[in-house]
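2 protein chains.
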Amino acid sequence: MTGDNQILLDHGSGGRLSRELTVNLFFKHFGNNILSAATDSAVVPTPGEHLAFTTDSFVVDPLFFPGGDIGKLAVCGTVNDLAVSGATPLYLSAGFIIEEGFLLDDLKKIVRSMADTARSCGVKIVTGDTKVVNRGHCDKLFINTSGVGLLKSSHKNIGSGKGIKPGDKIIINGGIASHGMAVMIARNELNVGGNVISDCAPLSGLTGQILKATSGIKFMRDATRGGLATVLSELCENRKFGIEVAEEAIKIDDNVRGICEFFGFDPLYVANEGKVVMVVAPEKAGSVINIMKSHKYGHDVSVIGEVVEKHPGKTILKTKIGGSRMIDMLAGSQLPRIC
Amino acid sequence: MTGDNQILLDHGSGGRLSRELTVNLFFKHFGNNILSAATDSAVVPTPGEHLAFTTDSFVVDPLFFPGGDIGKLAVCGTVNDLAVSGATPLYLSAGFIIEEGFLLDDLKKIVRSMADTARSCGVKIVTGDTKVVNRGHCDKLFINTSGVGLLKSSHKNIGSGKGIKPGDKIIINGGIASHGMAVMIARNELNVGGNVISDCAPLSGLTGQILKATSGIKFMRDATRGGLATVLSELCENRKFGIEVAEEAIKIDDNVRGICEFFGFDPLYVANEGKVVMVVAPEKAGSVINIMKSHKYGHDVSVIGEVVEKHPGKTILKTKIGGSRMIDMLAGSQLPRIC
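Protein chains in written order, with the numbering used here: chain A, 1 to 339; chain B, 1 to 339.
I should point out that these hints are in silico values taken from the structure, not numbers from a laboratory. Errors might be hidden in some of the hints.
No copy is singled out in the list; a pair is fine if it fits within one copy or between any two copies.
[Stated by the list, open to error] DSSO-like cross-link-like pairs, simulated, lysine-lysine; straight-line CA separation at most 30 angstroms: (1) LYS28 to LYS240; (2) LYS314 to LYS28; (3) LYS156 to LYS124; (4) LYS28 to LYS162; (5) LYS140 to LYS108; (6) LYS140 to LYS109; (7) LYS156 to LYS28; (8) LYS124 to LYS152; (9) LYS28 to LYS108; (10) LYS314 to LYS251; (11) LYS140 to LYS318; (12) LYS109 to LYS296.
So that you can see chain A by itself, here it is in the shape it has in the complex (with noise of 0.2 angstroms):
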């Protein structure tokens, strides 16, 4: 790599460093024959099937955090948004839009977790594109992924939920709310200590493996911003059904649930990135359920509620207590810049 440790404009300039940075960081970390080729667009073989196309930009502060980093969430937040569709994700672009000054060492820290992450999940980064804005103009580094995978047609109503009926069950892969609070702890805004770990994490081997095992699987949803009351007033809004769940199936860590209750955010708004929601035909709920407890990224499953009939585009939330309280759309933003 010419030059010091810091990114400079030339390194988006599309020349000679530009080339350099590419071919010695980018070719070398996200190796593959497509990405290497350094065509305009990556081309690659379809079987023919249907294919699932998504986008997510990542402008998370700070960019490590317990857990993982930019890097790290940029491929599985694409990732997840293909596998919750019902998709295999296979191919992904990486764009990166650099302020004029970061460190060499931190770009390379993250670009090998984006490598390691979509190796881990089996998925190419193809193409890509980098530009870099002039000191101030930009806060350190966001990174947009795009991502394409392929959907046979049978699974293709996943995504939106078409075949939802009452009595389905609404089930989840472990804890919520720990992915906002860990990026929060780590921004320094909250001034406490505390053992709190991202979730983030790949979930297409999960949901791969239970769409392969089973059917019966009416929709899936990863649940970040927003969080997992996002999730459940999209799900319900706007159709003929309600959605029923129990606080007390909704696991919290310990850790967690006490710095939301300290700070007063609410753990169901709170981002996660690792999480996925799904309803699921009552009559496969043991088998998907089974499949996740022996998964690292399901041991924690739990059922948390059901379609119902009554109050059709509602989500009430079942109390500890025994009360009952809506679940609406968030209003505002409790943590911006956590994805």
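Starting from the known structure of chain A, arrange chain B on it as the hints suggest.
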């Protein structure tokens, strides 16, 4: 749209304001069933050929310039990357990173411009994402577009130029360097008037027509960052052939040339956003030129040179006064943030 005319942090929160922005602005303008399904990934049919996949982030400053804006640029840039790979562009993603306080009216103009441009070349924006960062943490607006297109097997080496041979003709669809100069003038860094308009245009119509009508297209690339010189240098780098181009055949608008000369920019290195460099078998050059001449984005076509056996790996410019000059890759940044 709730609230006043500014983007608030809550527009990127994943909550109600995000949803309103998505539905009332993005869905409205990009309107198509695939996007409006609002699933985590767009699901699209694939007819089973090869897939082209590309990404680009756009950080152009200023956002509006003669001949275009960041939205038109973001669609053209990715459409062109697909087109020059020999693909038919089909689907785009749009990822917005917006500074808190950005004017909603400006965002609307930009989104309309994206929608109009996408419609004009028959592509659909099928998935998207919005992040808002605090004031001062990005410069107004950055847009990432990724794109998917379909590619016939017979065209899959066009992006890499595998079939290039000595004797092949090098063709460009018009005059160079207008985009970079138009942006610089709009930025007021060049305190001059001058009627310079960016060439920003979607080239998929032109390339599609040529690929349909003729064979013998060995290579295509759009001459964006780094300009025509960078395309030519990269084209023959580490290859067994050289390139010779004639300075007098490379067209440059008089206004553009004047501004370049006055300020010491070499127009060969200045970015274009509507120029494609093609390498064409000599016996097919005539029909390519005929098609270009009757197309609105190609009527100013010229044959600028050819592939040669001598000086492999090098591009030589034959100057007007009879000299020779080696064209190397851009060593540094002439013009930051022109795309």
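- Item | Hints violated by the structure (listed by number, smallest first) | 11
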